[in-house]
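There are 2 protein chains.
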Amino acid sequence: MRYELYYWPEIQGRGEFVRLALEDAGADYVDVARLPNRGMAAMTRFLESRSAEQPPFAPPFLKAGKLVIAQTANILFYLGPRLGLVPKNEASRLWTHQLQLTIADWVSEVHDTHHPISGGLYYGEQKREAKRRSADFTAERLPKFLGYFEQILQRRPTASDYLLSKAVSYVDLSTFQMIASLRYAFPRAMARLEPKHPRLLALHDRVSARPRIAAYLSSERRLPFNQQDIFRHYPELDA
Amino acid sequence: MRYELYYWPEIQGRGEFVRLALEDAGADYVDVARLPNRGMAAMTRFLESRSAEQPPFAPPFLKAGKLVIAQTANILFYLGPRLGLVPKNEASRLWTHQLQLTIADWVSEVHDTHHPISGGLYYGEQKREAKRRSADFTAERLPKFLGYFEQILQRRPTASDYLLSKAVSYVDLSTFQMIASLRYAFPRAMARLEPKHPRLLALHDRVSARPRIAAYLSSERRLPFNQQDIFRHYPELDA
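First to last, the sequence lines map onto chains A and B. Be aware that the first sequence starts at 1, since it is given in our numbering, and climbs by one per residue. Be aware that the second sequence starts at 1, since it is given in our numbering, and climbs by one per residue.
Excised from the complex, chain A in its bound form (with noise of 0.2 Å):
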């Protein structure tokens, strides 16, 4: 099946948790919006439609034959098993799933450091209010989710390459790519609390040494951060 992936053409944003899945597994997509002349018009169009019965919210959505799935975290889970990005045993998809929810948590928290007052308003007029709140993010709520994840890989009963195994899944790529935007983000936060997380960053190297996403990382399809993403580098906001 050819699968229809749907989100902003000009950011990386939640669908690129979506894109390393796809890229990963070599699966056979089209990112929609980003295909020239009629891409962006035909989100647009779907996003806009008045009939749809079962409207997202807001991108991303996939389109997998009649299913539409929005929801990053709820495309994921679909898209998992299928991909062969999660054992497909209950227990395994059910534990992926929280920890991709934890991410998604993650995402929301980093979009708030400089946008704590309304999505609505640009950033030069919430900028006193984002300071606040990225000076709270850094010194709590990174390293809290940080130590989280870097826990889970120091736990595992045997030492494992991934999150669950020995065998990569989705939540794993998610993470590379937690790691990779906080570090364009938030370089000096990172750079002091990289040491702490050692687990973490070799999960980050391991991944991005995999052939498919080195292979999507140097190629056009991987758009380059900016500061229209979720994950902007504003230095006063870096402490």
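Now the in silico label distances, taken between C-beta atoms and shown as ranges:
hint: 1; chain 1: B; residue 1: 122; chain 2: A; residue 2: 108; range: 18 to 26 Å
hint: 2; chain 1: B; residue 1: 219; chain 2: A; residue 2: 123; range: 45 to 53 Å
hint: 3; chain 1: A; residue 1: 205; chain 2: B; residue 2: 191; range: 49 to 57 Å
hint: 4; chain 1: A; residue 1: 158; chain 2: B; residue 2: 124; range: 47 to 55 Å
hint: 5; chain 1: A; residue 1: 26; chain 2: B; residue 2: 184; range: 45 to 53 Å
hint: 6; chain 1: B; residue 1: 42; chain 2: A; residue 2: 158; range: 23 to 31 Å
Hint data in this document are derived by calculation from the structure and do not stem from the laboratory. Cβ atoms here follow ideal geometry from the backbone N, Cα and C, with glycine treated the same way.
Chain B: place on chain A using the hints.
This is chain B only, laid out in the frame that chain A set:
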């Protein structure tokens, strides 16, 4: 099976979405942290365990036999088919979960109306920012979320009592909880918006009249809304 729910014993919070599902289904469950004597200690012991291989990031979490499941929407995804609160086919389960995840995002935004800077600071320490964020929430976000769920009810091909069909699902129970909680937290904003969302209000009334839900709401098991909870009533935030 007797389910064990672990959640903060003095608030409705995120745990309430799980409680409502268990109550509506008449499930056998224990609200562990509310047990006299050692209840809260049991939850703390679990959260602070240094050996759990699959630790929750935060409450609520559910013990179901050998499984420990965290993240509210994930718990409901697991419980749904077991409690008869979602159709068993994959498409319906994904759609219901997608709606539940949108509710999870909505809940986080409500939390941040009174804590836009940090969950670790008192409300009084971020009151100015809370006013700005709440003004945006009541003007932009609240109408968007309410309108989204109203529209789903409106677009159903045949008139139906609930979001998915004539049968109740767990996301209907959660939608009831959102309306009830928003009325507590933002009575003025809700009074202004309610006339535009008749189907949503009818859904709220229909859920609250379900015999087991009605019995639960009038029991001592239903904690009162309060100012330590996610939904809080600060008149100055309710424009």
